[in-house]
Each structure stands twice: as structure tokens, then as C-alpha cells.
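Engineer: The lines below spell out each chain.
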Amino acid sequence: MNSSSSSMGGDGRHDDDAALTEFLASLMDYTPTIPDELVEHYLARSGFHCPDIRITRLISVATQKFISDVASDALQHCKARQAAPVKDKSKQPKDKRLVLTMDDLSKALQEYGVNLKHQEYFADSPSTGMDPMSREE
Amino acid sequence: MTTPRRRKFKAEPQQQPASLPSPSPSPSPAFFHAAITRVAVAQICLATGYSAAEPSSLRALSDIAALYLQALGRAAASVAAAHRRTDSNLLDLVRAIEDLSAAKGFPGGSDPTGQPLRSCALRELKEFVELVEEIPFAKPIPRGGEEEQRTTWRSFAAAGEEPPPHVPSWLPCFPEEPRNKEMKEQRTTWGSFAAAARESPQHVPSWLPCLPEDREMEPSTEKKRKTAVELPAEREKVVFRLGFGKRKKPAVGHRGKWKET
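Residue numbers (full-length UniProt numbering), protein chains in the order written: chain A, 1 to 137; chain B, 1 to 261.
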């Protein structure tokens, strides 16, 4: 059992390595949204040094994936809020546009472990500045 | 309740959005990077499906993107440093990506013995690249003069200079000696009273440097004193005595009684 798994593992490793090299080669064709110069600046600031540009591209792709995940989660929150029964009929046609709001963003980032709290304006609502516990009651 | 001002973008990710925030004419370096990050993050939001974004939330998300980038780099650099390397490689990076995606979780994250190159985090990235269309950055970035301002040092070996015998050749070169005569004269050299053949005031030992006022009185002797002055081998013994001067009345006498000295 062990020998068969190791031999299988050897073949699988070879395939994985080939797929990985193919992926890294394809990275050079793919243009990430975050430009290379910006990524290199931030990486130099954090002490990361690598002469291989594919690694830099991989980092920018990873960041792009993270941000798009957060944005899509926030979009789902926004759509869920719109799908809920609306009290005023006048609000509905205006809200067909999807706008990135601080509420959606903070809810989406909560899952990623980032606590984002937007300071409320003074006259936003009657319950501004109150304890969250008493506000829920 | 006034709704916050909303920055609106046209829903055409391929063409350049006309209402992108244009950077100020001469942005300072710190804000320049933030502005570029904001534009890139706005493009990502557009591609996700949003048609508009609040300025505060866009700014927050772009800050988070920059922090994520730096966190990735820092984690990869620390993993490489833990393995006695200065340059990071793919394995370090995969480890860093796994560390940062531990909050959300990825399949296979619970297995510590899994091979890093086969990790699912990498596979998810690969799928992302294959599925998502690429969004090139909207505007060309002007090249700043930052690279020229960075001062680079060269080691002795690189500069081809011979270091002094006690200095290894991989250390940076010594700074250049000032070539101007004025720069050399500004270096403070002092001469003692004894060397200057001057009488020191009563309370001052003769091996101490001259008072600065005396030096200005005779500008002709300044040139003689430029070379380093040797201290005299024997110096007067200096004795310090701590005292309060003449005591007229002690504050507290012996056992609370006034004592007359």
C-alpha cells in the first residue's frame, strides 16, 4: 500500500510540477490589475526580495483575488438587502444600481477577520451613538 | 439625512472610465501610491459587478489592499529569513498565502504535512487566473524620480578599493574626506593651555583646552594649532571636595536640638 501510494504520489507530483510551471508561465501573459511597479514598491517596503518577476505577479494576483472575493461578498450582501421586502416603494427604482457602501464592506470583511467600523454621522438616525445592545432592543 | 456623495463609474471595465478620480498635479509620494491603489481597486470592483462606490469605502478597501500586499511580502520574507535565506522563493510565498488565507479557510488547510506546491490555495489562485478576464490598469503611471534619490552604497570589493586591514571587504566604503579647505577648517581642533603656552585662570588646570574667547584674539596662531596636540604626560592632580560652604545654622541639629557650630 505504501509503495503504491508513493509511486502514485511520484506521478502525481510530476503532473503537479508541470501544471505549476505552466501556471507560472501563463502568469507572464496575464496582466494583473495592480501594476507591477506598485507591487514592487510595497514589497520593497516590507522587506521582500525576489529577482523572479513571476513571484511578484503571483503576489499581485493573490491580492487581486482577495479584493475581488471581498467585493463579491459585499455585492451579495447588497443584493440580499435589495431583495428583502422594501417598505417605501419610492426607494426601489433608485436602488437598482449597486453601490459599494461601508455597511456591506464591513459585513463582508468580518468573515476575513478585518474589523472595519465606520463612524456614524451625528444625525444619521435617532439611535446614533447608543450602545449596540440597547439599540437592538 | 443627506446621502454621502457617491463617485459614479461607468459600467465598462474594458474602456477607460471617464469619471476616474484624476490625481492632483503634484501629489506627494505617500499619496501617489494610495491614489494608484485606489484606481486599481476601483477597477476590480467594477469587474465584480458594482456600478458605483462610496468614496470612504473605496478608500478603506484600497488601504486594505495595500496592507494585504505588505502583509504577504512581510510573511514571505520572514519565512525565508527563518530558513537562513535573504531571497524569498515560491515555497515561502505559498506558505505566506496559506497563512493569510487561514482566516477564511481553504481546503486542505488542516493538513500540516501536505506538500506546499500542491496546496489548494495555489490551486484556487490558478483557477482564478483561468476564469477571470484580465483587467489592465487604466492609466499609464508616470515614472517618479524616487529611484534616483535612493542612495546606494558600494562595498569595498565592489568599488575595487582596498580596505584597511581590520575591515572586511564586504562592508560599505568609508565616506569621502571633505576636499574643500573650508570643510577641513571647520573641524574643531583644540589646544591645551600648556601647549599654547598660555596662563590658565586659577581654577582651570593647564591641560584643559583653551577657552574659546582666547583663540579668537590671536588669529595668527590658529594655523599652528591645527595639528593634533599631545597632552602633557604628567598632569596636576585634581581633587574635588564636596562641601556646602560655611555652615551658619544646621537645619536639624543633633537629636532635634539646635547646635551652634
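Simulated from the structure, these hints should not be mistaken for laboratory data. Take the hints with a grain of salt, since some may be wrong.
Claimed, not checked - Now the stretches of chain B that chain A is said to cover, found in silico as 3 or more residues with beta-carbon under 8 Å:
#	stretch
1	71 to 81
2	164 to 177
To be verified - Think about it this way: if two alpha-carbon atoms lie no more than 27 Å apart in a straight line, the pair counts; the simulated BS3-like pairs of lysine-lysine are:
#	chain 1	residue 1	chain 2	residue 2
3	A	79	A	96
4	A	79	A	117
5	A	107	B	104
6	B	104	A	79
7	B	126	A	117
8	A	117	A	107
9	B	104	B	126
10	A	96	A	107
11	A	96	A	117
Beta carbons: idealized from backbone N, C-alpha and C, even for Gly.
Engineer: Please verify the coverage claim for the stretch 71 to 81 of chain B: does it have three or more residues whose C-beta sits within 8 Å of some C-beta in chain A?
Structural biologist: Check passed, 6 qualifying residues.
Engineer: According to a criterion of three or more residues whose C-beta lies within less than 8 Å of a C-beta of chain A, is the stretch 164 to 177 of chain B covered?
Structural biologist: Answer violated; 0 residues pass the 8 Å Cβ test.
Engineer: With the threshold set at 27 Å, check whether the alpha-carbon distance from residue 107 of chain A to residue 104 of chain B stays at or below it.
Structural biologist: The given pair, whose Cα atoms are some 14 Å apart, holds under the 27 Å limit.
Engineer: Checking one constraint from the list: CA of residue 126 of chain B to CA of residue 117 of chain A, max 27 Å. Satisfied?
Structural biologist: violated, 33 Å
Engineer: Taking only the CA atoms, is the gap from residue 96 of chain A to residue 117 of chain A under or equal to 27 Å?
Structural biologist: Answer holds: residue 96 of chain A to residue 117 of chain A is near 26 Å, not above 27 Å.
Engineer: Would you mind confirming whether the straight-line C-alpha gap from residue 117 of chain A to residue 107 of chain A stays at or under 27 Å?
Structural biologist: Distance of about 10 Å is within 27 Å: holds.
Engineer: Is the straight-line distance between the alpha-carbon of residue 79 of chain A and that of residue 117 of chain A 27 Å or less?
Structural biologist: With a Cα-Cα distance of about 21 Å, the restraint between residue 79 of chain A and residue 117 of chain A holds, given a limit of 27 Å.
Engineer: Tell me if the straight-line CA distance from residue 79 of chain A to residue 96 of chain A falls inside 27 Å.
Structural biologist: holds, 9 Å
Engineer: Sort out whether residue 126 of chain B lies within 27 Å of residue 104 of chain B, counting only the CA atoms.
Structural biologist: holds, 18 Å
Engineer: Decide if the proposed pair is consistent with the structure: residue 96 of chain A and residue 107 of chain A, CA atoms, cutoff 27 Å inclusive.
Structural biologist: holds, 20 Å
Engineer: Between the alpha carbons of residue 104 of chain B and residue 79 of chain A, is the straight-line distance 27 Å or under?
Structural biologist: holds, 21 Å
Checked against the numbered hints given earlier, the structure breaks hints 2, 7 and satisfies all the rest.
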